[in-house]
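Construct the entire structure; sequences and hints are all you get.
Chains as they are written, first to last, in the numbering used here: chain A, 135 to 346; chain B, 135 to 346.
Just so you know, the hints here were simulated from the structure itself, not pulled from any lab data.
Some hints here could point you the wrong way.
One copy or two, either will do: identical chains are not told apart, so a pair holds if it fits within one copy or between any two.
What the hints assert, rightly or not - No farther apart than 30 Å at their CA atoms in a straight line, the calculated lysine-lysine pairs in the DSSO-like style are these:
id : residue 1 : residue 2
1  : Lys199    : Lys272
2  : Lys322    : Lys290
3  : Lys139    : Lys286
4  : Lys322    : Lys267
There are 2 protein chains.
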Amino acid sequence: MNNKKRGLLIVISGPSGAGKGTICKELLKNNKDLSLSVSATTRCPRNGEIDGVNYYFLTREEFEKRIDENDFLENAEVYGNYYGTPKSNVEETLENGNDVILEIDIQGALKVKENTEEGVFIFILPPSMEELKQRIIKRGSETPESLMKRFKSAYKEINFVSKYNYAVVNDKVDVAVEKLEAIISAEKCRVDRLKHSILDSKEDLIHEQLYD
Amino acid sequence: MNNKKRGLLIVISGPSGAGKGTICKELLKNNKDLSLSVSATTRCPRNGEIDGVNYYFLTREEFEKRIDENDFLENAEVYGNYYGTPKSNVEETLENGNDVILEIDIQGALKVKENTEEGVFIFILPPSMEELKQRIIKRGSETPESLMKRFKSAYKEINFVSKYNYAVVNDKVDVAVEKLEAIISAEKCRVDRLKHSILDSKEDLIHEQLYD
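Structural data, given as structure tokens:
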């Protein structure tokens with residue numbers, strides 16, 4: 135029997151402009167034991183991007199083979215390129231007892247939820263809809279029409295919060311990161327993660343699970 | 135509509151010797167916004183005990199009247215005295231948006247669970263069964279037979295952990311207290327606590343709930 139505790143799959147998601155990227159970066163900086171899941175893609179590496187660090191760069195053929203093998207927790211085609219979360223890599227990390235962070239958009243997160251029974255789903259919210267608008271505007275390089283379209287889509291996307299376990303408002307980055315850390319710490323104390331022990335109700339097993 | 139967020143009912147429980155008293159004391163010392171629920175009892179006040187601080191001291195008649203009025207989250211008779219958790223006091227504190235800690239034995243906690251749909255149930259575990267034994271022995275003033283009886287009962291009680299939401303091993307007090315703080319912080323981010331907003335799926339309501 136593998137006595138090592140399985141790692142947590144932590145899915146961090148939210149509308150664009152909510153700031154999930156910044157939060158994840160800080161979270162990973164402060165918690166060296168967390169690892170970020172590396173996505174796979176068929177797009178070409180940009181300057182300085184390293185295979186296996188920024189992305190796993192795959193050919194279309196390789197990517198489609200892995201789709202057929204059901205080796206993605208989620209995948210999507212965007213502007214003619216595939217992107218996806220490799221299941222086997224995530225599984226290996228969890229199996230080794232390490233926690234994995236997936237930083238992912240809402241569509242992706244909902245697919246992950248369909249494809250796995252585990253996962254702690256955290257929705258990052260902007261401090262207010264007005265602030266979200268300002269953040270999208272500040273990113274610039276878009277026409278007023280496309281800005282309005284992105285804002286409306288973010289506004290709609292916020293309703294998907296109901297599919298998540300937790301919601302964290304990204305008002306101040308350090309406060310939001312503390313909340314994520316609290317969620318991760320609390321999830322490790324959840325009794326329903328000690329499932330075997332409890333279902334079996336064998337005392338020795340309980341003790342083994344609780345005190346390993 | 136009352137926009138104030140309701141406080142959390144936090145039930146901290148565990149076998150005797152697990153150290154829930156010490157942990158609660160530290161938790162309350164570090165978090166002045168938490169309040170400890172004051173129990174009611176029919177036993178006589180001991181030296182220095184203050185009505186409304188250590189206990190609400192009630193006559194048997196008063197206590198039984200409140201049982202009839204269904205004003206206890208749990209109550210029990212021990213060695214001829216009643217003890218109980220007054221529902222109205224807890225309710226008032228929660229209604230005002232403040233969190234309440236119930237430090238309570240396992241039988242009491244299970245009754246609270248039957249009598250309320252809310253509540254975060256946390257089970258405090260000793261670091262090991264051997265350590266639990268040592269702690270019970272150190273308290274002294276008991277015969278070997280009664281020690282063994284208490285130990286066996288604690289050993290059995292540990293199986294009730296499956297009825298709780300969280301389990302925290304009390305190995306080091308400060309680490310255990312940090313875990314309790316993380317659990318409280320995480321529970322405040324749980325989406326299922328924003329129930330109205332999500333069930334209604336009215337966007338304005340969602341935003342009102344999320345951003346009040």
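Query raised in the report: Are there hints from earlier that the structure breaks, and if so, what are their numbers?
Result: 1
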